[in-house]
Amino acid sequence: MSELLLPYIRKCMKSATEPTSQGYLNWSKSVTDPNYQYMQEQVLRYAQAIINFREEIRNNNWSLIKTGLFKFAPLFHARNHPKYQQIELREAINEMILPEPLHKFVRENQSLGKKGKMEDMDFQLENVNKRSKSWNPVGVPTEEDWMRTFHNLKKLDQLRCEVLERIGCNDPRLLPNTESRHDVKQNEITAWRKRLRETGYLMNPMTERVMMSTMGDELDAQLPDFTSAALSRRKAHFKITYQPNAASEILEPVFVTPQERLDFHDIANQTKSVISNRIKELLEKIQHSDTRNALEDEWNSFVKQQKKADYLTFFAKVKDELDSEQFLAKTDSLSEQEYPEK
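In short: position in the sequence shown from 1, add 15, done, that's the numbering used here.
Each statement offered as a hint is correct.
Below, computed lysine-lysine pairings styled on DSSO-like, alpha-carbon distance capped at 27 Å:
(1) K300 / K322
(2) K334 / K345
(3) K148 / K98
Label-pair ranges, simulated between beta-carbon atoms:
(4) I255 / S17: 37 to 43 Å
(5) T205 / Q37: 27 to 33 Å
(6) Q173 / P34: 55 to 61 Å
(7) H118 / P273: 42 to 48 Å
(8) P152 / K334: 54 to 60 Å
For the record, the hints were derived by calculation from the structure and aren't laboratory data.
Quantities reported herein were computed from a predicted structural model and do not represent experimental measurements.
For every residue, glycine included, the Cβ atom is placed at its ideal position computed from N, Cα and C.
Based on the sequences and whatever the hints tell you, model everything.
Here it is, written out as structure tokens:
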């Protein structure tokens, strides 16, 4: 955040004006550099959401925990995270469909249990999982092993503590005041800020530039629209999952690099199912009925049962036919405009 503020602070120093938070927000609305816009969004929305979430986990403030989750949610939908997408949507739906009296009760009484290390929900479960693994036999545990361990985990931990106490040792895992937090080292922060200064990455916010990484690699031009694209994917994912008879569609991720976009749209990188759908879409666009029927017969009687390589060859054939038809139609249209019938 300090590096984002630097251009604004320098501007205020030159104009002998006092920098303020509102002044920064007003100034940032006129920023045209997509690199600055993208970095600002990632810091002010997503990084701050994580900070707020972690802080309110420790304070057990459920309303602000939900706020952090809400602000962070688009990140689950920007790329391919199907499990987190499903969890986020299901939780949002469950909250929306609650009757108002029950919703009010939950809102006023919802709490996140915490003790000991004050870590977030998933990490607490991971700690329990690690403890249970230490009691299982070597090798892949069976379902019976897991059930037996979890049913007796509390007693096993008590037994461990008593044994260690008798031999004069303490079990560090069971000490209530032990905290395990990763503190970002100052030299890591300094190295990152140094890199931003050396490259001048955030120093020209009023200049339109190509989207670039701090290492000089070109990034996708649509990356500054990260959140809006992610929210569109979230809406589409909701329709596909929860609305009956919703048309299935291929959802584009938020691309990071131009090459990633090219690879995604390269038909050779698609599955047979996707290639099959693309072939059907092209066949429907062919206007000449004899050509379309002949290709459909070839597809249904032979190609459909073949390998992916045959799918790709047939896709190219259908695309060539469609391109030729569209080219001839365009040529005829231009001819009619140039030489209209009298």
